[in-house]
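In the order they appear, the protein sequences are chains A and B.
First residue of the first sequence? That's 1 in this note's numbering, and the numbers climb one at a time after it.
First residue of the second sequence? That's 1001 in this note's numbering, and the numbers climb one at a time after it.
Please note that the accuracy of each hint is not assured.
[As the list claims (entries may be wrong)] Using 35 angstroms as the maximum straight-line C-alpha spacing, the simulated DSBU-like pairs for lysine-lysine come out as follows: (1) B:K1702 with A:K173; (2) B:K1672 with A:K132; (3) B:K1672 with B:K1606.
[Claimed, not checked] Rough simulated footprint, nothing fancy, chain B against chain A, three-plus residues with beta-carbon under 8 angstroms: (4) 15-25; (5) 50-56; (6) 108-120.
Hints listed in this document are in silico derivations from the structure and should not be mistaken for laboratory results.
Glycine residues also receive a C-beta, built at the ideal position from the N, C-alpha and C atoms.
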Amino acid sequence: MKAAIIVFPGSNCDRDIAVSLKKISEIEPLMIWHKETSIPDCDIVVVPGGFSFGDYLRCGSMAANSPIMLDVINKAKKGMPTIGICNGFQILTETGLLPGTLIKNDCLSFLCKTVSIKVENSNTKFSNLYSKSEVIDIPIAHNEGNFFADDDTLNKIKDNDQIVFKYCNNSGKTEKEFNPNGSIENIAGIINKDGNVLGMMPHPERATCQLSQLNDGEKFFNSIAESIL
Amino acid sequence: MTLITEDLVEEHGINKEEYSFILKSLKREPSITELGIFSAMWSEHCSYKSSKFWLKQLPTENNNVIQGPGENAGVIDIGDGYAAIFKMESHNHPSFIEPYQGAATGVGGILRDVFTMGARPVALLNSLRFGDTSHEKTKHLLTGVVSGIGGYGNCMGIPTVGGEVEFNSSYNDNILVNAMCVGIAKTDKIFYSKASGVGNSVVYVGSKTGRDGIHGATMASAEFDENSEEKRPTVQVGDPFSEKLLLEACLELMKMDVIIAIQDMGAAGLTSSAVEMAGKGELGIELDLDKVPCREKNMSAYEIMLSESQERMLMIIEPKKEHIAKEVFDKWELDFSVIGKLTNTNKMVINHERMKKAEIVLDILEKGAPSYKRPYSINKYSEEKINNEKLIDKDPISILKDLIGSPNLCSRKWVWEQYDHMVMTDTILIPGGDSAIIRVHGTNKGLSITSDSTPRYCLSDPIEGGKQAVAEAWRNLIAVGSRPIAITDCMNFGNPEKEEIMGQFAGVVKGMIMSCNELDFPVVSGNVSLYNETNGKGINPTPVIGGVGVINNLDIFADHNFKRKDDIIIIIGKTDGHLSQSIYATELLNINTGLPPKVNLAEEKKNGLTIKSLIESSLVDTSHDVSDGGILIALTEMAIKNNIGFEIETDKSNSHRFLFGEDQGRYIVSIKEKNLIKVKKILEENNVIYTIAGVTIDKIIKVNEEKIHIDMIKEIYENWFTRYLSE
Chain A
1 MKAAIIVFPG SNCDRDIAVS LKKISEIEPL MIWHKETSIP DCDIVVVPGG
51 FSFGDYLRCG SMAANSPIML DVINKAKKGM PTIGICNGFQ ILTETGLLPG
101 TLIKNDCLSF LCKTVSIKVE NSNTKFSNLY SKSEVIDIPI AHNEGNFFAD
151 DDTLNKIKDN DQIVFKYCNN SGKTEKEFNP NGSIENIAGI INKDGNVLGM
201 MPHPERATCQ LSQLNDGEKF FNSIAESIL
Chain B
1001 MTLITEDLVE EHGINKEEYS FILKSLKREP SITELGIFSA MWSEHCSYKS
1051 SKFWLKQLPT ENNNVIQGPG ENAGVIDIGD GYAAIFKMES HNHPSFIEPY
1101 QGAATGVGGI LRDVFTMGAR PVALLNSLRF GDTSHEKTKH LLTGVVSGIG
1151 GYGNCMGIPT VGGEVEFNSS YNDNILVNAM CVGIAKTDKI FYSKASGVGN
1201 SVVYVGSKTG RDGIHGATMA SAEFDENSEE KRPTVQVGDP FSEKLLLEAC
1251 LELMKMDVII AIQDMGAAGL TSSAVEMAGK GELGIELDLD KVPCREKNMS
1301 AYEIMLSESQ ERMLMIIEPK KEHIAKEVFD KWELDFSVIG KLTNTNKMVI
1351 NHERMKKAEI VLDILEKGAP SYKRPYSINK YSEEKINNEK LIDKDPISIL
1401 KDLIGSPNLC SRKWVWEQYD HMVMTDTILI PGGDSAIIRV HGTNKGLSIT
1451 SDSTPRYCLS DPIEGGKQAV AEAWRNLIAV GSRPIAITDC MNFGNPEKEE
1501 IMGQFAGVVK GMIMSCNELD FPVVSGNVSL YNETNGKGIN PTPVIGGVGV
1551 INNLDIFADH NFKRKDDIII IIGKTDGHLS QSIYATELLN INTGLPPKVN
1601 LAEEKKNGLT IKSLIESSLV DTSHDVSDGG ILIALTEMAI KNNIGFEIET
1651 DKSNSHRFLF GEDQGRYIVS IKEKNLIKVK KILEENNVIY TIAGVTIDKI
1701 IKVNEEKIHI DMIKEIYENW FTRYLSE
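Here chain B stands alone, though its shape is the one from the complex (with noise of 0.2 angstroms):
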């Protein structure tokens, strides 16, 4: 017997309240895999004790959601009897550690979150944040992270089709790696997690239990320091044609009427999955780990209960079916086995080598896990103009080429080209958009999807950030033509037991919650990451939304490429020039004082809802949101890829602000000029604010005097990755 030891407790990341809570309820010292179990389900990545009083505050219902937070991911009905099914999750920690397979788990991971509901992945999207390009991991993170995501979607064949890239010194020490799937299921079709029926049996899926990834999720929810590396063991390993076997053996079985209940076994694998099922059902649960299938000899209890071993599923089954299911799993030479069954106890027992290795009652694990409101204090920066004179003494041509050919706002084909974004041939609109778009197979109904978020933002102002993080993911999707319907969020951040950090977890939902409610955006999952520091420094906030929306009819929809010449451009939304927190100010001039942008969520939802008609009557094919780096940048990115250029005229004086402001709400198009008249009316009956800003022409970029021939901005534009890497 292992004796339970004060250190041994704080190793297992819980605290001395937490453990005298322990030692009440179970009336007795737990027995060191009961201390595992319970320092699994109760660390934050877990329990979410730190967010949790936060979170419950989101909108989570509108008339589409048929599932909202809670289980493995979220559904909406996109109508015709389809859901969509998706979530988005951080594999944070595991990257920094060992970015290859990190990364890959990571997207394994959500995998198997939606296509245990009953779906079928349709698409895959990631947000990325590195440090400083100057770091000397940067480059080696990068590439591993990049060629990990790839590794998996493309072995699984399933679209990787959008998400961001971006680098910031504040994760120099701590990437971020969210990665997010969608899928869809029919809506009589949806598979849920809570158990039924005592005697059921309770089965084990998928790949065999190994000793990798023990306490991966007590790892992910602690601090790094400079040992972080010696953590390597605790990263799991990913096999994606395992899990590909895994998904056509699930939706096979899925087919038939066998499933009760199914839930993969992910963060603190074998155990939260048995205490989420059993404890939604409110039954007990009892196993015999000897009948868990081991990869290694001799795992002890303890080892079998904390793996995050990949590619394994937890399934609830009559009895008199296991023959079917079984049927299924042997054609796909996986792993099957009955390891234990429902009870009526309210307990969840383990047997291992015939002996009684934990005996706890659920409701202590799940209603009995901590839930904190930590203190928080939302600081936000002061306001602060930037003057004339601190403006760049260079024309707005010149100041282009620096920006568009800068880490954040160059090319990120380096990075998508690695990844299968065309397989199932039903990626209709592929990377490099605002939202990608994904056809239903089968259908011409098309779903719209984009992930975002604006960290800079967060950090100077909490709670605006946390409005312009979801505004602005509806505004992605808007610009394609597509009704925004829902969102997952993940929210990493640093340490939430530093006042400070709370506070931008607090403000950011705050913010988040305005949009979601004027947007009519709900949240239908998600996952917290924190503790997201290194030695006391922690990452900018960071809430990346993932948001989903529907095209009913896939013959129309927009995209942000210029098609014709002698279009005229229209920029909707009204433009001050406000420069604090832009790329601009924060890139070129280093100043990082003042106040990001504020969203006007009524104008927000004018302008957007004004856009989506003027798509949807065809009067618009070309409409591109404009976010970071401004007005020119968005005009740029519109004219690469067809060779059409564009000239515009500005008032001198100020065209600094107005070309490289980043005031929100704000669309660009660009129409036939005989609409012109026809969407002049439509804009000014729905008093949206609009300038006519030039036209397109032919591969010329022209801003007032100064031009540049597309070509050369391509060139800058698209080799940046290339060059970086190569040096």
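Extracted from the complex, chain A is given alone in its bound form (with noise of 0.2 angstroms):
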């Protein structure tokens, strides 16, 4: 199994995704630079993190124009996995392969650290190992993680299933008070409408156990290698 990893200039978890991808997965990676134009034969296309072009203009923005996106948005239409991890879900929602967009901390600063974000959708690809509801501690770092959707959308989104974590307490709860950067109903992460688009702010490649005590990523990794088997 193999995997295309996105590399644009300013990337900088290319490295991290890569080595949880091998380590946990088992799954080879493609390092892709941003200039090529096809992907190649692989299992599942990863847009990492990062600073895409420096978030220049708006986090996202130029990378989602680079020369490989037309490919990686050609075959992720036709059904190809691909997951977008904090830049990486900036960039998919400025392609349009995702619903909404992510704005500025309400915070108004960056913020890092380790939160708990609940399992909502577990029939995914990448969270079928995951029981519904239940609570994980994943890392996030970012400045514009806000999600942030129109009324319309949110209900698209809410009605097709495609909330696929949300931030919460430690027991689960997903009261406001628990949403670390402001975004709309705590929406961590979702899922395009046909299951195969996941974009997601917090980092699950921070958590295999490559920072210590943290694992609840692998669970993570491990569902994609079931799933692409």
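Make the complex out of the two chains shown on their own, each in a separate frame, by following the hints.
This is how it looks when you write it as structure tokens:
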């Protein structure tokens, strides 16, 4: 199995996700420079975190227009499993593969900490080894992670069960006070309607025991390994 | 032609004697470009003219040191073919004028110092000092500096894993922003700045040159006055995105056999990098400034030579390999330009617009640079005991509440949560402890890293303060179970032309030398920032020490958080209850007189090495050094993270001295009860003084009869910054 990891100038979680995919999912990571025009034969596409193009103009907007993205969009529309983490999530919303957008944190500053998130949908390729409503601890690190969508879009997201992760406290309560960045409905991660494109702000690759004691991200990578077998 | 007047020379920070040396050496009047070059190279910042005499005396070698001071950064061998490359540098003056950009470019500069040597940066730390919390500028400076540091490091994808923040009125008009970077390289793939090979190409890579930061080095070498804010245009503007590209491009090229020498363009820009590279190689250098990529039109030779635009590097490459390098920089869309060549003339020749703008023998700039043994007088306070009647009439828990919620002892979480401290996924110990631990990627080996200083100790007794700064860094590394290897220092002082300030510098260095020697903990790199004065008032002497240690097996280390109930709490080291210069005395009693606690280096070493062996033999997994605030503060810091409290008994007639004294060379450990006999035996065999102080319990902090729930303490401890900034 192979994963294509798209590398933009300014990506900085590309190596981290490659290490986790290899170590946990036993998937061979292929690093693909953004100027390529086609994705090689692979089983999953990963748009990693970082500061593509320095977050200049608007987070993810320039990366969304890199040459490789035409093929990423094309293959995703044909069902290729695709994940965007952090800046990758921002990029995927910019391409239109995922609904909504990510705006500045309501605390108005960058925030790096381990937070609790609740698995709202465990019927996806990326979350099927978690149980529904399971509370997991995963780090976040972002300045623009505040998910926003207009009412219509939000209703559709909810109707289609597209919310995968929500910020919560350690007992699974999803009140506003447990929301680190102001995201609408505490949304931390969503999936597209077809169920093959996931975007999330938390970094599961930082919770695979590479950092001491954090291993709640392992099921994420194992879910991927099982579902794309 | 610009006329070189006396005023112009003075504006360039060159004094009369220095100028007459220039006239004698050149045998003519300098051009304006040459004057600018002398000004930058002979500034305090670049020439270390006031500090060199003292710095030369610091120990710089041990079995692990590969490269000591004199390169872009220091290099130590950490085993298995790996080297750690590190340095700390100040960006004080710019950060006061423009906090976001000043701090950001401070981070950018120190990163380049490390990756220019072939290392991938793996950790950033920063020591920050601001004025009194009631000073009108403090909030603005604090928020600006913290977001500037985060803005740069986060974008680069390098974790910021530690540091310190202090508030003190001596920094009201001169804040300190000291940034440290640690990188890792293979020992056989280290790059140096010494140029070689007459005829080889001098290559400029990175961002374009603009008019920003002209004379930054000179600004950093002068006192401030009320007009300092007018210097804002001399502050550089950072572009972390370009630096990230520069990092990746340099590391990519370094894998190929192309670069002969490389140096970043930091303070004094193209001038210092060209002079230093050619000077080290004992060669000459000829530059054609028309080839320098410029951001603005009509830049003069003077401006190009003195610009401190960021994210630029100078490399020496064989002409036949230029195309290989160009291809890499083209990929990363960075400027690449051959701007000159190495010569055998020992001269620096600058051409611009078909005219020779400068021609200086390099020896005049480097070996001819002034070096002063300035008059000094090492003054320390007189001894003064704090009598019992002066102590506060409150119980220890009430005092704990006051102290743990005070600006200098409260949690720094608000700061470090704005820094990405986990990217690269090798952060084993996150900020908030004694040292951060970073795994050497792909191995089970770790680096422990810390930065520390206690300026009030240095002010009251420079020699003891210097000793203490080094000893505390060593202690922080020991507390996590690592082997301390070497340090970098960032020496922040006032105006060295004053005997008293020069005495502070000399005293601190003398103290540092004692600790470095005794603890086998040499200095491998560093930076000096003098003239931290405004309207004649200097900062507290602040030698910030950045320490690096090694853990060979990451399965075994310690951190400061209590892990279990019913552990036995042991204080290692002798507690005399020294209150003078403690936080208790200075912040609660407002007593600033008296001498700081003494560091007994023999005890220090014995206690530390014993702690290290206890951790290595898995008898201790929880350890914390006792520093600012004393025992009760240290215990509380150990309790908060995992909600495990403690119960201790003290001699009530002496409890304040025992709980809040700042005697040196001490640690607190907590151990499983079943290991008590073994631990006691080891402590006794090593003649280590210890006190069994109490036990860990559930969620309550209890001192004699008084107690408080951890949640209440946590609320006070963790929310000071938010409350302060929303006021």
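Hint check results:
The suggested pairing of K1702 (chain B) with K173 (chain A) holds, with an alpha-carbon distance near 32 angstroms, which does not exceed 35 angstroms. Among the hinted pairs, K1672 (chain B) with K132 (chain A) is inconsistent with the structure: their alpha-carbon atoms are about 38 angstroms apart, more than 35 angstroms. For a cut-off of 35 angstroms, the pair hint linking K1672 (chain B) to K1606 (chain B) stands: about 23 angstroms separates their Cα positions. Restraint check on the segment 15-25 of chain A versus chain B: 4 residues with Cβ-Cβ distances below 8 angstroms, three needed, restraint holds.
For the segment 50-56 of chain A, the stated coverage by chain B is satisfied: 6 residues place a CB nearer than 8 angstroms to a CB of that chain, which reaches the threshold of 3. Counting residues of the segment 108-120 of chain A whose beta carbon lies closer than 8 angstroms to any beta carbon of chain B gives 5, which reaches the threshold of three, so the coverage claim holds.
When the structure is compared with the earlier hints, a violation turns up for hint 2 alone.
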